[in-house]
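Chemist: Chains as they are written, first to last, in numbering that gives the first Met the number 0: chain A, 0 to 170; chain R, 0 to 900.
To be clear, the hints were calculated from the coordinates, so they are not data collected in a lab.
Heads up, some of the hints might be wrong.
[As the list claims (entries may be wrong)] DMTMM-like, lysine to aspartate or glutamate: derived pairs with alpha carbons at most 20 Å apart:
1) Lys208/R / Glu71/A
2) Lys79/R / Asp101/R
3) Lys35/A / Glu132/A
4) Lys211/R / Glu132/A
5) Lys153/A / Glu185/R
6) Lys151/A / Glu73/A
7) Lys493/R / Asp473/R
8) Lys208/R / Glu132/A
9) Lys490/R / Asp638/R
10) Lys212/R / Glu80/A
11) Lys832/R / Glu854/R
12) Lys832/R / Glu818/R
13) Lys212/R / Asp72/A
14) Lys208/R / Glu73/A
15) Lys212/R / Glu132/A
16) Lys692/R / Glu738/R
17) Lys151/A / Asp101/R
18) Lys212/R / Glu73/A
19) Lys767/R / Asp15/R
20) Lys211/R / Glu73/A
21) Lys142/A / Glu557/R
22) Lys310/R / Glu557/R
23) Lys211/R / Glu71/A
24) Lys208/R / Glu828/R
25) Lys142/A / Glu73/A
26) Lys288/R / Asp584/R
27) Lys211/R / Glu155/A
28) Lys212/R / Glu275/R
29) Lys153/A / Glu557/R
30) Lys290/R / Glu828/R
31) Lys208/R / Glu114/A
[Said to hold, decoys possible] What the simulated footprint calls covered on chain R by chain A, stretch by stretch (three residues with Cβ under 8 Å from a Cβ of chain A suffice, anywhere in the stretch; the number is not a length):
32) 57-67
33) 96-104
34) 547-559
35) 703-711
Backbone N, C-alpha and C fix where the C-beta goes; we use that ideal spot for every residue, glycine too.
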Amino acid sequence: MLSVIRTLWNVFLHTFQPRETIQYPEEKPNLPPRHKGRIILSRDPDGGERCVACHLCAVACPVDCIALQATEDENGRRYPEFFRINFSRCIFCGYCEEACPTYAIQLTPDFEMGEFNRQNMVYEKEHLLISGEGKYPGYNFWKVAGVKIGGKDKGEAENEAAPVDVHSLMP
Amino acid sequence: MAKIWVDDKWYEVGADQSLLEACLELGFDLPYFCWHPALGSVGACRQCAVKQYRDEKDTRGRLVMSCMTPASEGARISIKDADAASFRAGVVEGLMQNHPHDCPVCDEGGECHLQDMTVMTGHNYRQTTYPKRTFRNQNLGPLINHEMNRCIQCYRCVRYYREYAGGRDLDAFASRNQVFFGRHQEGTLQNEFAGNLVEICPTGVFTDKTLKKHYTRKWDLQMAPSVCVHCGLGCNTTAAERYGSLRRILNRYNGHVNGYFLCDRGRFGYEFVRGEQRIKQTLARQDGKLKPLPKAKAIEQLGRVLPGNQKVIGIGSPRASLEANFALRTLVGPERFFSGMSDQGSHLVSLMEEILRQGPARTPSLSEIEISDAVLVLGEDVTNVAPRIALALRQSVRQQPMEFTDKLKIPRWLDHAVREAIQDVKGPLFIAAPSATRLDDAATATYRAAPDDLARLGFAIAHALDPQAPDVPDLAAGARSLAEQIAAALKSAKRPLVISGPSSSSAAVIEAAANVARGLAKAGQAVGLAFTMPEANSLGANLMGGGDLSAAFKAVEEGRADTVIILENDLYLKAPAAAVDRFLDAARHVIAIDYLSTPTVAKSELALPAGAFAESDGTLVSSEGRAQRFFQAYIPKDDIQQSWRWLIEMMRAAGRSEAESWSTLDDVIAALAQGISALAKITEAAPSAKFRKLGEKIARAPNRYSGRTSMLANINVSEPKPPDDPDSALAFSMEGYQEHPPPSLTPFFWAPGWNSIQSLNKFQSEIKGPLRGGDPGVRLIEPPETANGSFFSSVPKPFAARPEEWLLVPLYHIFGSEELSRQAPAVAELAPKPYLAVNSEDAAHLQVQAGDQIEVNLAGTAHRLPVAIHPDLPKGIAGFPAGVVSLEGTGLLAWSKLSRL
Ligand code: SF4
Ligand code: SF4
Ligand code: SF4
Ligand code: SF4
Ligand code: FES
């Protein structure tokens, strides 16, 4: 009995709380950066495309709405030839972001993606790629990977020794 | 059988196995790196540690390497033991200290044995902070990519390349923790089986460079069981597709055929399917040019030409499936169907088929070739004609020496010990061919001579084996003693083998080989007789019947025919150009069905785009006489459809009644099996389209296949339903049965925790043995218990060099001699440039040097070729690269004058 009365009292007190409901769209909500909304592809600190076309986001996606094709530039740097997300299928679970080894794919707080035509929900790379680093500044996959790309020779990645001289038999 | 205890439970395991093999066979997940079923154990990586206990009272045990310890009666081991598990995790941790942070950009990722073993041992975080060791890579040619940082120093690559495949130009360099695996200097890997490094290397050091150009992860590939079309051996392959195009070919294990390995032509020749040469649209001649025509219009056009037309003939193809050939044969009628082989080719293939059918000997499978203990190769350069045989022969020369190591009680799987004991000793292998072959270094003795002389050597060997066989009285003393040596070696062998074929264009060579086999068979020996075949389905086309090309030409010439349907066949490779021109010009209607725009297609009035092997279903008969089914990996785009479907449409257009009852592959197969008794058994090559496992079709794509709701969303956001497959029990989808489909329907090998090709262990009934459920394919030809027939008796006269003329013999090249693979860019890059080879003496006589231009006059046409000097060619013979230079014409060896320019 006492608990019922206390509950009623608590509910009554809510009448004097500030309102949570926002008059959207006149008023915009303030969403935290980790809100899982529209997906973007970011760039590394040097401005290069971060995505290395590893296909991990695609395989992690439970609704299979990411499709891409890997390709390489003339210096061996891998990137997606195309990168497509079908947002009409996306459930904004964020698994792709978790799977991504390069911080390339990120979910953003933007959720205003309504379209009258469903076909417009299909985003290609040019729609996804932003010009900055997004939520995770500073990381550059190529600086820690062992492969050689333009501007980074063997042995020049972080914490790498100079290439072995295979002609030497010195112990 | 032996009884062993694993983690306190007992199991029966096969005798003469290592503990590792036994455990894997029992289904345990035991990590390993350096062991490979085909290479045996060397104990280099220390990854396979288990605890072994002396007896049930022993509680301490000791760590042993399971790959180096025999699974002997009563052995007690523990895989789960904490010491063993932490030892194994420690080994991976050690390897990972220097391993690059590459998985996202590594082509091995997702099918990497190192990834699998790392997960299996539970190693997660790199705890050291030392700088990582790095290496520079080498450019190893157009087929294989090298990324040396990823090496874990397991030594599999060099063991395979040098010891198994006989290569010389890959080795381990430098020392201690800096060992480097590569060539002494950059350059293309020379071995014809180098492509297998892609599967042998457990990491991403060696990967497929052709795949890299259109890279796709294993989990994203839609795959189907396929059969290699680049020679007659019929190695089993996996064809893999993504986004509507063929991405790669992988070995598909078949214990009786290719085992673990393919040749590089078979692995990398697939790119012709993606090539510029493909016809994708229906083409019709309009204003003298072939131009695209809507498919329906083409069918209409066929409806005007075919109905009631009594003058239609069909030319089949030894590279097309049985089903396609049969559909054509049904459309035109058996007596108006021609096999599509060159005159000489048809003659030789018929001869070989007859020999195989009548006895004296059984044709061995590739795995039987591998365990032959004395081999005679007569008239073939197997490395370049039927490459996978060469790899098998490299193992066969170890058979006799291994009898010695058996006596020393060294188990055969203890690879290093066996090799140390054998050293360089090789069992008997004799190679008689027109010119040096790539297998000569493994041979006991070689003999180089003109085709007629090769045949004479063969006849002499047969005579030495059995005096009833005709003698070769005027044989040179050297050849005579060689013949006796070979006869003695074959006679004392347990499983002798004779290999021959049509490459020397000589019936006498084939007959001589048959005589040798008969001589051995009469003495009661279990002899094998293997013939190479010119094309993927030569034997099948021959079993189907039908006249040779001349007969077809004659039919048109004599006015008995005026409409020609040509199935997957470039006639210009089968007959002299002038004769083909005359034939095609004389015919009123020429309809070609093909996937490449060949010169024959260019001359046709209607060209119908056919599906290449990965886009078609069908059956091919290998040179072993094994009928094997291959399946579509994907449905081709545009107008392309399977040849037999085109032919069914033609039947419908022609108003033929069969068209009504034929709608699927199974219908065609059923009619074929009924119509041609020699091919009746092909129904057993694979389950029919009705087959279901647990009520489901078999999925062509793995569980993790990605992008289903996005890959076509750019075209239409509502994704289409996956296409039906009425022709097979496979589904164009990831939905369906996944685990253990029947072997002939296994689209890929994958098992939980085993993402790499090593998952194969889970699909075999015993390691290195047959696949569970039996190896795919059904043998169509078995000789009778007691061989019919008698010795061939027409011994040719000795070859006599002519004063001013040279005998032109084709020299084969693994890259370049085969019609389809040479359209693949990577293969084309490795094909030889045109040349005409003579020996040094003849070159001096002609006053030419290497590189000089020389003119060959053949049937009124002059060909200019640069001279190459091949010191090993017999005098009076000029060799040209088959396929690269087309001097073939009739397929008969021709004499020609050579003139210096
Ligand atoms: S997981 Fe990241 S790097 Fe990999 S393909 Fe997706 S976005 Fe690109
Ligand atoms: S070899 Fe395997 S573990 Fe190493 S980078 Fe490649 S995928 Fe990763
Ligand atoms: S290159 Fe590959 S196969 Fe060779 S030692 Fe290194 S990891 Fe092993
Ligand atoms: S040996 Fe012949 S069938 Fe086998 S992979 Fe090579 S070309 Fe193909
Ligand atoms: S697999 Fe046993 S030591 Fe390498």
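Chemist: Look at each hint and say if it fits the structure.
Modeler: Verification of the supplied hints:
Restraint check for Lys208/R and Glu71/A: satisfied, since their Cα atoms lie roughly 12 Å apart, inside the 20 Å limit. This hinted pair does not check out: Lys79/R and Asp101/R have alpha carbons roughly 30 Å apart, beyond 20 Å. Taken as a hint, the Lys35/A and Glu132/A pair is honoured in the structure, with Cα atoms around 17 Å apart against an allowance of 20 Å. Taking the CA atoms of Lys211/R and Glu132/A, the gap is near 28 Å; set against the 20 Å cutoff, the hint is violated.
Using a Cα cut-off of 20 Å, the hinted pair Lys153/A and Glu185/R holds, with the two alpha carbons roughly 17 Å apart. Our distance criterion of 20 Å between C-alpha atoms is met by Lys151/A and Glu73/A, whose separation comes to about 13 Å. A C-alpha spacing of about 31 Å is found between Lys493/R and Asp473/R, which places the hinted pair above 20 Å, so the restraint is violated. The suggested pairing of Lys208/R with Glu132/A is violated, with an alpha-carbon distance near 32 Å, which exceeds 20 Å.
Taken as a hint, the Lys490/R and Asp638/R pair is broken in the structure, with Cα atoms around 57 Å apart against an allowance of 20 Å. With a CA separation close to 11 Å, the supplied pair Lys212/R and Glu80/A stays within the 20 Å bound. Straight-line distance between C-alpha atoms of Lys832/R and Glu854/R comes to about 16 Å, which keeps the hinted pair within the 20 Å bound. In summary, the hint linking Lys832/R to Glu818/R is supported, as the alpha carbons are separated by about 15 Å, within the 20 Å threshold.
Our distance criterion of 20 Å between C-alpha atoms is met by Lys212/R and Asp72/A, whose separation comes to about 11 Å. Restraint check for Lys208/R and Glu73/A: satisfied, since their Cα atoms lie roughly 14 Å apart, inside the 20 Å limit. Between Lys212/R and Glu132/A, the direct Cα distance comes to roughly 29 Å. Violation of the 20 Å bound is thereby established for this hinted pair. A threshold of 20 Å between alpha carbons decides the hint, and for Lys692/R with Glu738/R the separation of about 10 Å falls inside it, so the pair holds.
With a CA separation close to 14 Å, the supplied pair Lys151/A and Asp101/R stays within the 20 Å bound. At most 20 Å may separate the alpha-carbon atoms for a hinted pair to count; Lys212/R and Glu73/A meet this at roughly 12 Å. The hinted pair formed by Lys767/R and Asp15/R meets the criterion: a straight-line CA distance of about 13 Å does not exceed 20 Å. A distance of roughly 13 Å separates the Cα atoms of Lys211/R and Glu73/A; the hinted pair therefore holds under the 20 Å criterion.
Of the pairs offered as hints, the one joining Lys142/A and Glu557/R is violated, with about 75 Å between alpha carbons and a cut-off of 20 Å exceeded. In summary, the hint linking Lys310/R to Glu557/R is supported, as the alpha carbons are separated by about 11 Å, within the 20 Å threshold. For the suggested pair Lys211/R and Glu71/A, the alpha carbons sit about 9 Å apart, so the restraint of at most 20 Å is met. Distance check on the hinted pair: Lys208/R and Glu828/R sit about 13 Å apart at the alpha-carbon level, within 20 Å; holds.
Taking the CA atoms of Lys142/A and Glu73/A, the gap is about 18 Å. The hint holds against a cut of 20 Å. A C-alpha spacing of about 15 Å is found between Lys288/R and Asp584/R, which places the hinted pair at or below 20 Å, so the restraint holds. In summary, the hint linking Lys211/R to Glu155/A is not supported, as the alpha carbons are separated by about 24 Å, beyond the 20 Å threshold. Note on Lys212/R and Glu275/R: the hinted pairing holds, with a Cα-Cα distance of about 16 Å set against a maximum of 20 Å.
With a CA separation close to 71 Å, the supplied pair Lys153/A and Glu557/R exceeds the 20 Å bound. Note on Lys290/R and Glu828/R: the hinted pairing is violated, with a Cα-Cα distance of about 30 Å set against a maximum of 20 Å. Proposed proximity of Lys208/R and Glu114/A is contradicted: the alpha carbons are some 43 Å apart, above 20 Å. Only residues whose beta carbon comes within less than 8 Å of a beta carbon in chain A count, and the stretch 57-67 of chain R has 0; fewer than three means the coverage is violated.
Counting residues of the stretch 96-104 of chain R whose C-beta sits closer than 8 Å to any C-beta of chain A gives 6, which meets the bar of three, so the coverage hint holds. Counting residues of the stretch 547-559 of chain R whose CB lies closer than 8 Å to any CB of chain A gives 0, which falls below the minimum of 3, so the coverage claim is violated. With 8 residues carrying a beta carbon less than 8 Å from a beta carbon of chain A, the stretch 703-711 of chain R meets the three-residue requirement, and the given coverage holds.
Checked against the numbered hints above, the structure violates hints 2, 4, 7, 8, 9, 15, 21, 27, 29, 30, 31, 32 and 34; every other hint is satisfied.
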